[in-house]
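Since the structure of chain A is provided, determine the placement of chain B on it from the hints.
These protein sequence lines map, in sequence, to chains A and B. If you count the first sequence from 1, you need to add 195 to reach my numbering. If you count the second sequence from 1, you need to add 1166 to reach my numbering.
Since the hints were derived computationally from the structure, they do not count as laboratory data. Predicted model, so just to flag it, every value in this text is computed and none were measured. Hints may contain errors.
To be verified - Partial pick of chain A residues on the chain B-facing surface, computed with a CB cut under 10 Å:
id: 1; residue: Glu237
id: 2; residue: Ser244
id: 3; residue: Gly255
id: 4; residue: Phe257
id: 5; residue: Phe260
id: 6; residue: Ala265
id: 7; residue: Phe284
id: 8; residue: Phe291
id: 9; residue: Gly302
Glycine included, each C-beta is placed from N, C-alpha and C at the ideal position.
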Amino acid sequence: DQQVKQNSPSLSVQEGRISILNCDYTNSMFDYFLWYKKYPAEGPTFLISISSIKDKNEDGRFTVFLNKSAKHLSLHIVPSQPGDSAVYFCAASGLFGSARQLTFGSGTQLTVLP
Amino acid sequence: DAGVIQSPRHEVTEMGQEVTLRCKPISGHNSLFWYRQTMMRGLELLIYFNNNVPIDDSGMPEDRFSAKMPNASFSTLKIQPSEPRDSAVYFCASSSRGAGGYEQYFGPGTRLTVT
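For reference, chain B alone in the conformation it holds in the complex:
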């Protein structure tokens, strides 16, 4: 079975450019989470969706960040305009609310570098 798929794996862009990160959750999972990992702040939750609906976006750092989930198999995280301090690894994870479905399964991450 395919796990969580993220693209691109690496992204290098210049300050001010728009960046779009993509995620395909595990089929059948109905919760999707976007995380950011930095040395300073560790793994921090940015936003999560339940049944394609954004539930909590309080972790989104600024209005420059936006996320969408147009259907159960696809989500995007967009940064516009990007800044050097956005450089981090961005992870997408999915989970099921079924019995014992508390575990989140992570994608391989997108390493973003903003110069």
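Here chain A stands alone, though its shape is the one from the complex:
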């Protein structure tokens, strides 16, 4: 039972254009959402997050949008750069027990073509 889904395993975008990565979730108890970026042979690196009380959060070239009614979030990267090529994981956070756990999607491999 996948609670966080990234339905696109891969995405290719031309340098300078916009990259849009999508993520859907099913558990309405999630109240915080995060995007991680992962390069080969490295651990996932936190990129940007959004609380469920907001619908948009922006940090430089990265913007995350949250649509709670649709249980959908997306990450926009504009303009895309070759260095953005990596696997992007969507994660959802909820307070289960006495610590926050993250539930990860399966990841989307983004390739930015020069």
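Just chain B, lined up with the frame of chain A:
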């Protein structure tokens, strides 16, 4: 500041041998998480600790897996005996429960190969 430190970075062992993976969380973080990444199952949570106490180990696949956190700066994940299907990348992550401390910070991972 040092991030999460994991050792070894690579481990190759034969089936049946004991394997111990090590993790040093970020200083001041009081939650520690062990994950396993495979092609088939993606990133899956194995166990997490809060203030050195195991809170949820429901993700631990079998009794062959065990984890300890003897103090706030060190944790181990042990597999005994190891099997080829345990081959994966194992990540350790830590986080703080402070305001906005929902983010988990990951180590570089240990790539385990069991032959």
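Which of the numbered hints are not met once you compare them with the structure shown?
-> 3, 4, 5 and 6
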